[in-house]
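Asker: Okay, here's what each chain looks like letter by letter:
There are 2 protein chains.
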Amino acid sequence: MASRQRRHPTLDDLADAVGVSRTTASNAFNRPDQLSEALRQEILHAAKRLGYTGPDPVARSLATRRVGAIAFMLDTGLSAAFSDPALSITLDALATEVDAEGHALLLLPGGDNGGPRAERVLTAQADLAVAYSLADDAPALHAVRDRGLPLVVIDQPHVPGAARVSTDDRGGAVAATRHLLGLGHRRFAVLSAQCLSEPRNTVLSVEEAMRSRFRDNRERLSGYVDTLAAAGIAAAEVPVFETSGASREQATQAAVALLTRRPRPTALLCMSDELALGALAAARLQALRVPADLSIVGFDDTPPAAWSEPALTTVRQDLGRKGAHAGQLALRLLAGKRPPSPVTLPVELVVRASTGPAPE
Amino acid sequence: MASRQRRHPTLDDLADAVGVSRTTASNAFNRPDQLSEALRQEILHAAKRLGYTGPDPVARSLATRRVGAIAFMLDTGLSAAFSDPALSITLDALATEVDAEGHALLLLPGGDNGGPRAERVLTAQADLAVAYSLADDAPALHAVRDRGLPLVVIDQPHVPGAARVSTDDRGGAVAATRHLLGLGHRRFAVLSAQCLSEPRNTVLSVEEAMRSRFRDNRERLSGYVDTLAAAGIAAAEVPVFETSGASREQATQAAVALLTRRPRPTALLCMSDELALGALAAARLQALRVPADLSIVGFDDTPPAAWSEPALTTVRQDLGRKGAHAGQLALRLLAGKRPPSPVTLPVELVVRASTGPAPE
DNA sequence: CAGCATCTCTTAAGCGCTTCAGATGACGCA
DNA sequence: TGCGTCATCTGAAGCGCTTAAGAGATGCTG
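Read top to bottom, the protein sequences are chains A and B.
To convert a position in the first sequence, counted from 1, into my numbering, add 1.
To convert a position in the second sequence, counted from 1, into my numbering, add 1.
Keep in mind that the hints are not guaranteed to be accurate.
Since copy identity is lost for identical chains, a pair holds within one copy or between any two.
[Claimed, not checked] As a list, the in silico SDA-like pairs of lysine to any residue whose alpha-carbon atoms are at most 20 Å apart:
#1 K49 with V21
#2 K49 with P140
#3 K338 with L260
#4 K338 with G172
#5 K49 with G149
#6 K49 with T25
#7 K49 with R8
#8 K338 with T65
#9 K338 with G162
#10 K49 with V257
#11 K338 with L182
#12 K49 with H9
#13 K338 with R8
#14 K338 with A235
#15 K49 with S37
#16 K338 with E102
#17 K338 with H9
#18 K338 with G149
Derived from the structure by calculation, the hints contain no laboratory data.
Just so it is clear, the structure is predicted and the values come from calculations on it, not from any experiment.
Start from the sequences and build out the full structure, keeping to the hints where you can.
Answerer: As structure tokens, then:
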């Protein structure tokens, strides 16, 4: 009792100090209706006096079988992930939704398997997992299933038993492509973030690119390519550049490579706004005027898309709604309900200043 | 035993199935040297067969008194927080550092008290807390102390018993100001993110602004103001605009307000790159040429600072190093060591294209 | 062959809490 | 007076795991 660094008091210490049972002390914190208000106050005061800050979270979790945290699984490291505002917005909306019910967010960054390591998932203290655009074959997804954790997937293929929300990626890609076709463009190129296991950082054939490990990637690409095909532009004529990573600098490099090909494309279909903004920088480097010489379309409509010079034509998705919906799905699963049928959120083409009539 | 949804097997189930003690089963996972390899393999196989995915994280934590997670406390919501790349970079570096030792990150977003709610902190399952630029008086900080959680603070005042890393905010502000003075500027204005409890979204006197709840804010401001004073420019002549929030749009609005004052400032000292980039947009709106009519200096040197047109003169701080250092401090505290003496990381002025000689 | 170290596995005591199933007594009502 | 009710509090059985201490068995040393 005389040790300087006294161990933190426990519920038993508190109960003893007040002279009640542990149950009663516990109830003072968790079930105020189970004891008289006077006694409760006495216990609470004693707690303050002893420096007892409430039930130990871990012990409480063991007893209640609830942690109060949701694991959020990413396919990349944090820096890469958060450099895309699309994630921030989605995550914020999700967090806001679940925070109201007392759930925090446990971040599980990805390694090089298209998601967090399985072991990370198996030892994560969480009641539920959310997968955000992981690779289809990410080991983390198996780990979640093995552990029997409820799962919400965002922008991913269906996983049995999981709740799902996704975006009309294909529809957005189709709209973007039609817009450019309508402006008279015939020479297209596609800019994609890394989508194969091994980064290639080079031009892929459409066929190769369709083996992407990411569903949203495949959906967007097929939207582009099929629409072009319907307009008589063969897939073989459409270079798809896969950057290594998804950062703006990498996109700039990639776009430079695309823009120095001959014949030079007049329209760039970019799978995200970040990639498109990188392409915009590449156009500047190449002294190409946008949209006079080159049209660029992004995807997502994140805030920077509107700030750029020229402002970006892009496919808007309601990221806040997506995150909020995912949050609601999470809460539903946590309440023991069955996953509702998957939802696909609509998109909308936003025409700004980065697209114009094809040159000549 | 016939229930369809069988409860997850426990270590006891596994031990029984193999016919060993629970200890031995536990050792198969945690201390391979404590049992023969043959038996270990038998146990591991049985585990796979039973669908036992390893020790329950919560129970394990209760027994070991370790959670394997670090609580990261922010002063704002996730969206606002991550819209500043400075945080992403710092957080990524921190995560990388602690991830190697098996620690995940538990995100505790802020409310309106300059940090997360105390109750969130008290119930968070974490071994340690990291405070990132919280308000000095954030209740979360008291909660951390009450709980007896080790603490690492980033860019905050000293907290007894906590480890600390911060930036030479004042030095950076001094360098930025000297640079502009050297270019002949005499009419200055300062752009600050929200720093008082109640957002004012208006011009503050320097005296008011020095009551900011955020240390980095005060340090930067004093660096600006003192340097100007030394050059004979009184604080009273320097408007300080406090935006409501820290987003680029809010910065743009604020900068417009500053730029429509008469006499118009020729130099804008911005407390972050995001604010500076917002100011750049404001200059465009006002048809002011940068740097011919107006010079703008940012702070942090995040990637977008180099992308902007014109590229931003700014104060570089090594955010990756800051995050990594914070991570190392965290690991040190977790290892039971005492916090080393606080570290202040250096900054460096990076002159790009957004600053030039004062007009006339 | 006694003595001792080593390897392998077990026993049992926690970790700090929640919660079901009572126990106790006061009170109202017939 | 007897009995059901209600409010209040307690006992005890977990939640699933780790780990110090120790028990046998085996092999080695002198």
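Asker: When no copy is specified for K49 and V257, does a C-alpha distance of 20 Å or less occur within a copy, between copies, both, or neither?
Answerer: neither (64 Å within a copy, 50 Å between copies)
Asker: At 20 Å max between alpha carbons, let me know whether K338 reaches L182 within a copy, between copies, both or neither.
Answerer: Answer is neither; intra-copy 46 Å and inter-copy 64 Å both fail.
Asker: Have a look at K338 and A235 and pick one of within, between, both or neither, based on CA distance no larger than 20 Å.
Answerer: neither (47 Å within a copy, 64 Å between copies)
Asker: For K49 and V21, with the copy left unspecified, which applies at a CA distance of at most 20 Å: within, between, both, or neither?
Answerer: within (16 Å within a copy, 46 Å between copies)
Asker: Indicate which option fits the pair K49, H9 if close means a Cα-Cα distance not exceeding 20 Å: within, between, both or neither.
Answerer: Close inside one copy (12 Å), not across copies (38 Å); limit 20 Å.
Asker: I want to check one pair: K338 and G172. Are their C-alpha atoms no more than 20 Å apart within a copy, between two copies, both, or neither?
Answerer: neither (31 Å within a copy, 56 Å between copies)
Asker: Tell me, please, which holds for K338 and H9 at an alpha-carbon limit of 20 Å: within, between, both or neither?
Answerer: between (38 Å within a copy, 19 Å between copies)
Asker: At most 20 Å between CA atoms: does that hold for K338 and R8 within a copy, between copies, both, or neither?
Answerer: Cα proximity of K338 and R8: across copies only (17 Å, versus 41 Å in one copy).
Asker: Between K49 and G149, at a C-alpha cutoff of 20 Å, which is it: within one copy, between copies, both, or neither?
Answerer: This pair counts as between: shortest inter-copy Cα distance 14 Å, intra-copy 39 Å.
Asker: Between copies, within a copy, both or neither: which fits K338 and L260 at Cα up to 20 Å?
Answerer: neither (51 Å within a copy, 55 Å between copies)
Asker: Between the shortest in-copy and the shortest cross-copy C-alpha distance, which are at most 20 Å for K49 and R8: within, between, both, or neither?
Answerer: Classified as within: same-chain Cα gap 15 Å, cross-chain 39 Å, threshold 20 Å.
Asker: When no copy is specified for K49 and S37, does a C-alpha distance of 20 Å or less occur within a copy, between copies, both, or neither?
Answerer: Within. Shortest intra-copy distance 19 Å satisfies the 20 Å Cα cut-off; inter-copy 50 Å does not.
When each numbered hint is compared with the structure, violations occur for hints 3, 4, 10, 11, 14.
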